[in-house]
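Quick mapping for you: the protein sequence lines, in order, are chains Y and F. Position 329, counted from 1, in the first sequence is what this note's numbering calls 329; the numbers after and before it change by one each time, with no gaps. Offset between the second sequence (1-based) and this note's numbering: plus 1000.
Possibly wrong hints are sitting among the right ones.
[Stated by the list, open to error] Pulled from the structure, derived: some chain F residues nowhere near chain Y, Cβ distances all over 12 Å: (1) T1116; (2) E1151; (3) E1162.
[To be verified] With a straight-line cut-off of 20 Å between C-alpha atoms, the simulated EDC-like cross-links for lysine to aspartate or glutamate are: (4) Y/K176 to F/E1025; (5) F/K1163 to Y/D190; (6) F/K1112 to F/E1193; (7) F/K1067 to F/E1119; (8) Y/K176 to Y/E76; (9) Y/K573 to Y/E292.
Hints listed in this document are in silico derivations from the structure and should not be mistaken for laboratory results. All C-beta atoms in this analysis are idealised placements derived from N, C-alpha and C, irrespective of residue type, glycine included.
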Amino acid sequence: MTEPEPATSAPAPPGRHPELEDQLLAFGAARFHHGHWQVEEVGDEANPWGLRTMRTRHEEIHQNLNELTLFGLLLEMTAHRAREGEGSERYSRLLSGLVARCRTTHEVVATYLSSVSYGRTGPPAEVAGDAEYWGYFELGAELSARLPNPALGVLAVWGLGRLAMNPRLPEVLSEKGIQGFFLADLRARDAPDERFLRGMEILDRPFWARAAEQVAAYFGRHPDWEEYFGARAWQLTPAKMMKLEPIPGEERVHVSSGGIDEGFENDVANFLLDQAGSALEAGGMAFVGLQERIEVQKQVRAASNLWVPRLYDSPVILVRSKLERLFYGERLIWRSPPRRARVSDLRNGTPRDFGAYRNIVQEEGFLPLYLRRREDVLANHLFEREDDLPPDPVLCYARKQRQEEDGSISLDVQLLRQPTELITLGMWAEERGGNVGLLVSGSALTSTSPEAVAPWLEHSGGAALSILLDTDPNRILACLEQSWEVLIWHQQEMVEGGGQEVLFLYTVGKQTQPGLGFFRPANSWLADATLRMLDRPALPVTLQATGGRIEGISRELAEMEWTFPLHLAWAAKRYLNEESRFVPERPPPVAGGRR
Amino acid sequence: MTETLSSWVEARVPVGSEVGPADLEAWIEELGLPSNPRVQAAVSGAVREWGAAQGSLAWEPGGWKVKVTSPLVQGSISAALLWGILGAFQIATPIAAAVIPAIVPLLFSVEKVRLTRGEEEVLAHLALADRVRTETPEKLYQQLPASIREELGFLDFLDLVEKLVDAGRADRKGGEAIAIEPEGRARLRVVFE
């Protein structure tokens, strides 16, 4: 080993970057892709609810850190270029190099903060059993422990992460854009990890003790101080954690001016960060404040001819953008590759097929049918020939399992060709003991083809309808709002299929029977975000149902027969378990107006 | 007893074995290096990112693993540990972890780096390569593969060379080994040769 390693310059082995594999921040069953993240469902967990929430938190923090910072802009632009277009190999390597320079920062912030929100019993086995991630957790815990309580500690970990990720970017980026940038342009001292570790050294225990004293002197008499930062602030509930995730105004802002977000916690965070920033500058570590960041981001994006969204593009929608990031950011993977499947027409079905469906009707009380976009049907099944699927944009079908000779499970996708078939099929199901007849499990994304989906909905008659919330829930609710008077939501933990939660949104009109349920796979963090996205002041009553009992209900409504259609949503969830993935999509822009 | 750093590493990771973050942490402890985040990040970063560039990195439940497929991997681990020693003595200037296994053999005669273990401490004898003192930093920099120069700017390289030469010179003049005292307990000293 006396000469420089010749192999270092060797080209990467073929197939090394199937999915930007090495460039990602991977954590157990979750992977962060810069712009979105993916969580694989794995069963056999002691606390699936908490663990799923923790994974979502972990990945969302990566996204948050990227969107808030200049180095994050660099990561997102490079990832964008690496995923598509010419020169993607160069950008893949560049992304590897960039991730290698901020991995510690990203992972300390994401691992520590998501673990703290997991529960008071300490980090889960997923972190404790992983030597590398345990190291990240410990580093965060060490920093946090320099503050008088965990709530302030959380702000310090967030704060140093953001300061580290906001170095001065090489000028070439503003001049020539990402295409003119090479790793050698970035001084090693400006790499986030180097800054984070230096920050750990500069911002020592005495510094944080002084900073915390000053923050207490300034804010201590605020009515919220005691709850969030006082003596009992060690109890970090998930709700509290959500509030403690600062949407920063301006690191250098005068606290009294409030910044963008009016939150008190945010003022405390900015006050702390302001002191940290000054101490780092005195230690020779420059960072870029908000106004300059906004300007640099504009220049770099313009020079690169690539407009990746940033949190500060439109400060007035900061909160909405945060909720949308959660709603659209997470992709769930159940099985990869998908199950093998065969396509046929339901009306050509054999007696054996109908025997199977009759059994489902007798067991469930209904026959489930599915209404999905063709592209989603394709993505969730492994068809031998894609041409077997008709070209229609929206497909309606029944589906059942088939056991192959080798013991594996495949799926029969049996299509309905005409919406009128729904009527005869509904009668068929009722005659065979179905009390509901049909359950049509629709996907909100089919509403992007209104002409294609309308005939199916028109002919669904007395069928129960459950809708998968895989696109903007507000848009769907707005379409149906006029006929509704009550919105009830319900959140329930499913114990089937890996212990995943499902969020239900269930609606009725005053005189009508229950018949429509919305749902999406979620954990408590995502469920909460989804509900907060539903900004529905037009509805006179909004109720939360817990365990089937509904409180605060008017007498008139109470006399109606309230049954939560849990069985319908469970059936729809079982359908999802056979799928490959759940990928929510942003709706395409509506002509003639902005949402 | 005295042995070279290379043979120390070879004994712990024979070709065919695997190395992960827990191993590196154990070796940092065994060498008497301070267990501070900077040293850990430099050592594990160098092995992991180098492994990623070579396609021999695997992410597994419980942490990443780099497969020791050849003496080249052992060499990169030696380089990472040597970098950890430099970091502990604040001789290293920041450079990207991934380039460490390529930079170290250019600047040091790695095969001559020896470890002497006494009862109380480990003495590390570092041997700067002759070319570091005889050639200009520009020429040295040009000897690096293009892919490394793409990752490492000349200014960062220059900082590093200057600091190493200064450290080596200071050590000679004083005639004393540099000693590190993690929490008051000196377990490692370093001598430039």
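Check each numbered hint against the structure and report the violated ones by number, ascending.
-> 2, 4, 7, 9
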